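Work out the full structure: start from the sequences and follow the hints.
Just so you know, the sequences run in chain order A and B.
Here my numbering is used: position 386 in the first sequence is 386, and no number is missing along the way.
Here my numbering is used: position 26 in the second sequence is 26, and no number is missing along the way.
These aren't lab readings, by the way, just hints derived from the structure by calculation.
All figures in this text were calculated on a predicted structure; none of them were measured in a lab.
For each residue, glycine too, the CB sits at the ideal point set by N, CA and C.
Here are the computed distance ranges between Cβ atoms for each label pair:
1) 121/B x 527/A: 30 to 40 Å
2) 277/B x 77/A: 47 to 57 Å
3) 88/B x 68/A: 33 to 43 Å
4) 307/A x 124/B: 23 to 33 Å
5) 217/B x 253/A: 11 to 21 Å
6) 88/B x 490/A: 26 to 36 Å
7) 78/B x 322/A: 23 to 33 Å
8) 480/A x 154/B: 36 to 46 Å
9) 63/B x 77/A: 32 to 42 Å
10) 365/B x 230/A: 31 to 41 Å
11) 505/A x 121/B: 33 to 43 Å
Here chain B is said to cover these stretches of chain A; the calculated rule only asks that three of the stretch's residues, wherever they fall, bring their Cβ under 8 Å from a Cβ of chain B:
12) 378 to 384
13) 463 to 471
So the chains spell out like this:
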Amino acid sequence: MSLAQPSHTQGHAAPHTAAGENWAGWLHGWTTTVDHKRIGIMYVLMSLVFLVIGGCEAMLMRWQLAMPNNDVLGPEAFNQLFTMHGTTMVFFVGMPILIGAGNYLVPLMIGARDMAFPRMNAFGFWITLFGGLVVYFSFATGGAPAIGWFAYAPLTEHTFARSAATDFWAVGLIISGIGTITAAVNFIATILGMRARGMTLGRLPFFVWTMLWTAVQMLIAIPPLTAALVMILLDRQLNAHFFDVSNGGSAYLWQHLFWFFGHPEVYILILPVFGIISEVIPVFSRKVLFGYEFMAAATMAIVFISLGVWAHHMFCVGMNRTLDLYFAAASLLVSIPTGIKFFNWLATMYGGRIRFASPMLFAYGFLSMFLIGGLTGIMLAAAPFDFQLSDSYFVVGHFHWVLIGGTLFGTIAGIYYWYPKVAGRMMSERLAKWHFWLLYIGFMLTFGPMHISGMLGMPRRIYTYGPETGWTLWNQLATLGAVVQAPSYLIFIYNLVVSLKKGKPAGDNPWDAWTLEWSTTSPPSSYNFEETPTVHSRRPLWDLQHPDDPDWLYE
Amino acid sequence: MCFATGARRNCHGTACRRSPPAAACRASNRSGELRPDAGGALLVALPIASAQSIFDPASPATESILNLAVLVFAVIGLIFVVVEGVLFYCVWRFRDPHPAPPDNPSAAAAGPELVEPPQAYGSRAIEVAWTAAPTLIVLFLTLSITRTLWEVEAAVPATAPDDNALYVTVTGRQWWWEYTYETYNGRKLGFITANELHIPLSDADQPRPTYLTLESADVCHSFWVPRLGGKMDLIPGRTNELLLETTEAGLFLGQCAEYCGAQHAHMLIRVIVDTPQEFESWLENQQRPAVDDPDVRTGRDAFLSESCVSCHRVRGTPAKGSYAPDLTHLMSRETLASGMIANDPDNLRRWVRDPQSIKPDCLMPAFGLTDQQQEQIVRYLETLR
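Pasting the structure below:
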């Protein structure tokens, strides 16, 4: 689509060198671009900036909790910090970084020249960013909202949250939700309509398959959240009474609406990562993905089952035994397709020749840690056990294990894997090893002890605790872990920046990978492919390298 | 680690680690009832003494939950060992014997044309096998969960004469607990107290269950005393129920487990389990109106003439506020500010002068009393036994 826009071609080929030559032109190029690759890069950069902000918020909280009865932060500041930390990490780091990766990669992987709706794509990015800025603008009202990221009514009603911070929070999330919806529509249209010749749905690269289903899930999950946010705004601004019990509303309703979004959201944050891992493991094990069809079916099964498990976040609200049992059993069912995925990844590694370059190192981190997050999830799904664990630090440990051990490790594996394609240069492997080990050890040290303090009765979201509780040691270990983790992010960012200029030139296909994005130049030109490719199997580049033994004989 | 029950409040630090191993400790405290302390054994080497530990159940419900927990631990522990084992085996056995140099990880540097390993595209038989195995585990866990659910979530019977049951309505408020004692043993009680919940000791021959009706006056809260029961939320507009029953006397600690605003961290719960005799005499005292001591008449007048009365209630006086803790028998409580500080004269004085310095953002403001007024009011409060 952008053949007629030469400035983009030039700008993308060397965005970092163009800066010095013509700053205004460079800025104009990036802000007006409709190139899916530049939009993808901006999504990822935005997410990394918010990751640093959210990380700083977390460090402040760990500082406060390092000592019993600490007074570094008061209750107001602490409560604002965990609200903003959660909101930031879910809506402005997790989702946009995966949408950004999908934006960059999906057209390249299916042999298309751009997303189906390039202008809507740009709109989606800018409005997501704008939503984030609106949420953060709440600080200008005298303080961020102190409602927790799931904002249980009626704490969000005007009676209890008087400043406009909560309004900015809700408006910001509605706005960024529009961006998410446009991205979802765009992914579905692109993947269904713009695949290269010969690329049937059954031959989609696995990451594209997971992006397709993630998009479907976004379309289902985001609207209930938007509706709920509109309702709370109506309550706050126009005295509607949706969640106002004293006027016949229902506070309980919010919980159902929120978690009907909130649980699929968890899978929105992990499915694309399953896709990334399913690309990285085969390439670095030098083997085809084991059991593609079963992996594909398992992805769909996770999407459908996860739409019916939301109330496992609400076991303590006093449902009846039948509902508790249903939601427990349904939640356990998710572990079956997830297990299938896990076994297939292991089978892919089995008998391979595994190269532990940075992407595989982080993929290993993902496998070893996500398993634990999944298993503690089984503990939480056991409803009566959850009566004890729910809303305790155990839950905090669990979901960070899934979101960092799963989503973050997998996403970083993807960044190390595709960086050479995006930048045309390799990242430093030496720094990547430092990054990995500091993060791996620091992460376990931060979130492992939280499982224990939770089982010793420490509820989440308390700004302080007494010395007699027996929680001090576990909190100090967690804070120590945060201190170990923090430099790993700095090393990562340093590596990203320095490798732009100093990295070894990558060539088209440095990892000897098999999907279409590796058949074009690094970085790809704005039109991606000189001629649209034709594929005959799931690994077109394998077929090219092994004309005597192509994949399509076996699929 | 120490699960000693009678002295558990003092059971911290070194004294704790010197105490007997968990199983023996437990047996000696459980009137001869010997059962393996599986949850504790898992963590026996760690300093996990806490008055709010879920590994030290003191009620049928929490024991039932711990039994399920141990089962789930065993199942996921097995899965963990097997799957991580296979992962480590793959990593160790199949790693590339000719790794690329670290400064050039790209495949081209990996040496001469290496032959790719054999490609395995999948196997229906294997897929069916590793779908069936987790399905069986899920089925097994679901059945276990069902059993525990039916044990834990008991129906609450209606109050009846001589039922030996206590009925209390718990109202969650920002950031304290209001307890309305409804009936005991079929007897109507009808008094209100705050923050310290007294319940009668149950025993095998004569169960004395306490049924809590949980409501909220403002936002969502959650009632959690880990040794006595799982969490149950207090949600405005809904009524929930929770059974507390224990054969262990003493103090049980807990706290609000649903974020409820600024002082969520200091919405602490204290459940005091009294012997039936102690409980009867406690009830008797609580049912009486406030003491009217002529020695502190000036303090009483000062209290009643200030805005204290618009929020607090002292039965037998014109103070009929219903927004803040009932003070009728304030001095029968061990703590102030929802379990945050000990109820001693110094703390009481500090609290009356400026509650915000103790519990920032709590709903009681400093009233700017003169030293004299403050002293009189504190003297008066100290007589409310």
